Amino acid sequence: MLEVEQRLKANAIEIKLVRLRNFRNYGAAAVPVGAGKTILIGENAQGKSNFLEAIEVAGSGRSRRAAQDADLIAWGEKQMSVEVSFRRLGEDEQVFFAISRQPGASRVGGRQVKVNGVSHSSARALIGHLVTVGFASQDLNLIRGGPAYRREWMDGIILRLRPSFHDVLSSYAKVVVQRNRLLKTLYEKGRVAVADQDQLLVWDRQLARFGSQIVKARVRLLTELLPGAREFQSHLSGQKERLEADYVFRSLEGREESEDGQLLVAEPTGRDCLAAESLSRYQEEEIAGLLSRMLKERRGEEIARRQTLVGPHRDDVSLRLNGVSAVTFASQGQQRSLVLALKVAELRRLTAAAGESPVLLLDDVLAELDCGRQRLLMSAFSPQAQTIITTTHLAGFEPEWLEDATIYSVARGEVEAVDRGRV
Amino acid sequence: MYFTRPLAKLIEEFQKFPGVGPKSAQRMAFHVLSLTPESVRELAGAIVEAKEKVRHCSHCFNLSAQDPCEICVNEKRDRHVICVVAEPRDLIALERTREFRGVYHVLTGLISPLEGKGPDQLSIRELVNRVGAEQVSEVILAINPTVEGDATVLYLNHLLKPLGVKVTRIAFGLPVGGDLEYADDVTLARAMEGRREV
Ligand SMILES: [Zn+2]
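Quick note, the sequences are listed as chains A and B, same order.
If you count by the numbering used here, then the first sequence holds residues 11 to 433, one letter each, in order.
If you count by the numbering used here, then the second sequence holds residues 133 to 330, one letter each, in order.
The hints are simulated quantities; they were obtained by calculation from the structure and are not laboratory data.
Computed from a predicted model, the values in this text were never measured in an experiment.
Even for Gly, the Cβ is constructed at its ideal location relative to N, Cα and C.
Certain hints may be false.
Unchecked claim - Derived DEER-like restraints, expressed as beta-carbon distance ranges:
| id | chain 1 | residue 1 | chain 2 | residue 2 | range |
| --- | --- | --- | --- | --- | --- |
| 1 | B | A323 | A | P237 | 55 to 61 Å |
| 2 | B | I302 | A | G365 | 45 to 51 Å |
| 3 | A | E87 | B | R159 | 27 to 33 Å |
| 4 | A | A183 | B | A323 | 42 to 48 Å |
| 5 | B | Y314 | A | A183 | 24 to 30 Å |
| 6 | B | L312 | A | E87 | 39 to 45 Å |
| 7 | A | Q112 | B | A323 | 35 to 41 Å |
| 8 | B | M324 | A | Q394 | 36 to 42 Å |
| 9 | B | E329 | A | P237 | 41 to 47 Å |
| 10 | A | A40 | B | R159 | 34 to 40 Å |
Unchecked claim - What the simulated footprint calls covered on chain A by chain B, stretch by stretch (three residues with Cβ under 8 Å from a Cβ of chain B suffice, anywhere in the stretch; the number is not a length):
| id | segment |
| --- | --- |
| 11 | 121-129 |
| 12 | 174-184 |
Unchecked claim - Below 30 Å or equal to it, Euclidean Cα-Cα: the simulated DSS-like pairs (lysine-lysine) are:
| id | chain 1 | residue 1 | chain 2 | residue 2 |
| --- | --- | --- | --- | --- |
| 13 | A | K306 | B | K208 |
| 14 | A | K88 | B | K141 |
| 15 | B | K141 | B | K208 |
| 16 | B | K148 | B | K293 |
| 17 | B | K185 | B | K208 |
| 18 | A | K88 | B | K148 |
| 19 | A | K184 | A | K194 |
| 20 | A | K250 | A | K184 |
| 21 | A | K194 | B | K298 |
| 22 | A | K124 | A | K88 |
| 23 | A | K199 | A | K184 |
| 24 | A | K124 | B | K185 |
| 25 | B | K155 | A | K199 |
| 26 | B | K185 | B | K141 |
| 27 | A | K250 | A | K306 |
| 28 | B | K208 | B | K249 |
| 29 | B | K208 | A | K88 |
| 30 | A | K26 | A | K184 |
| 31 | B | K183 | A | K184 |
| 32 | A | K184 | B | K208 |
| 33 | A | K199 | B | K249 |
| 34 | A | K199 | A | K124 |
| 35 | B | K183 | B | K141 |
| 36 | B | K148 | B | K208 |
| 37 | A | K26 | A | K47 |
| 38 | A | K194 | B | K183 |
| 39 | B | K208 | B | K155 |
| 40 | A | K184 | B | K185 |
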């Protein structure tokens, strides 16, 4: 009996305590977080979103909001730290992340990373422990924003599913930087000797090797997310809208036809993008081959522009509703539903992978959703899931959100428990 | 903090050393002041002598006080096998194992456009000449599995393969005494790649 109860309780990652020191507008704070729902209520710019950001930073070592790490350190302070104690798969765990400002520089110096008390040299060690899914109003950028938002979104999910993906991403980024420098050198030399050609080929091969791993991982992720997102979108639209996603090789943009794109001509969807589901049939080697061919094709242009124009650092995902682009043609309401559908798919995928629900961080989004969407969102995750919600007001909340919720008020970086009777 | 000029200068010089921060530099400088004048002269002499006498071997680019270096002139070394390393310190690490009886070639770096290092800045041409001129049966690449290391390996392979020489790369894998369960995925993947029949 007890065992069953425990297993039920282990259905969700559960944060117990969040400790902040000099994180953005916080001084020293220790905030106990209960199971189920926690609501942080407060005016804008008081630190509600910062609190959720701190949790994300502790779980991944990076922020989706900060332009640079130094922004995370409170003004005038040298060091910030975040420590989160939580339960995962029935065990107590703790992640700790600290960064310090380098004297006289905007760059940060020392980072300290600890997982369950053990120090690590890289923030990579944090990934995969405190798994969270964040949903904020800025996530509308997934639909309306540039390709970078969609790439970051996909890569961020893959990282949580498979922390070693970090090495693929960072190797790829290094290759692009090295290759760009080489292109610049060749541009300045004005001519490409045989030895240069050979050197460029070496970097092409590296780009294709790591690039194909990234493309393959993204495509696989899309095919995993699509069924869930499609179902949710269809539900939200009253069975009227069908969601599709194409992986876009932006390096092929504007081309009427590729010269010999063996992989491309096989596809009816067109020249620059391929339906994620059909692309998923291709092996990494075939994608690497495609990247190599595209690199060869654009060599001259790359040297002229001193930039790597081919590869997953430029790619995109095209989301379509009933065949038309969601970015261009969908209404605001459709776009909102679509973000919700994508986020729910993300949550489900991470839940399936982890064997329990990640912590759900809803940053100021609930009040914007109508009752129907709020209820649907609620139904999309397990009742055990721990949810931390920020809002400026409770009006418009469906009653289920408030049931058994712990409520805190946040003002000027101070978090205080609110007596339920007074809400 | 105030230091009299000569002391401040010494601290500054120590701080230029790799891995030496202000605190260690201070400790080192105070240590120098605590030495006898003879010991200090010996230290200074050692620095000057090392700089003046040690240079790259014209054959293999190892650091040595003689040219060709001790390894290149050693009759007992097998000249048919060349082990290629990036830096002299890699050579020293391999020598410590006493496993390798062939000769070396030090590239003096890796291909890295960011650091302004292309094939021409490394001793790659000299390596190709050696392989062409001497009777070399195998070139072993003992190069780190980094992005720059892999680029260098690909480049060397491209140049050496047409010469008909066997080109191999040392395997990377689990540390001895390491536990499979605790190895990170990248190390495991590398070890898988470098597997061989038992
Ligand atoms: Zn030598």
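Going back to the hint list, which numbers does this structure go against? Hints 1, 2, 4, 11, 13, 15, 16, 20, 21, 24, 25, 27, 28, 29, 30, 31, 32, 34, 36, 38, 39, 40 not satisfied by this model.
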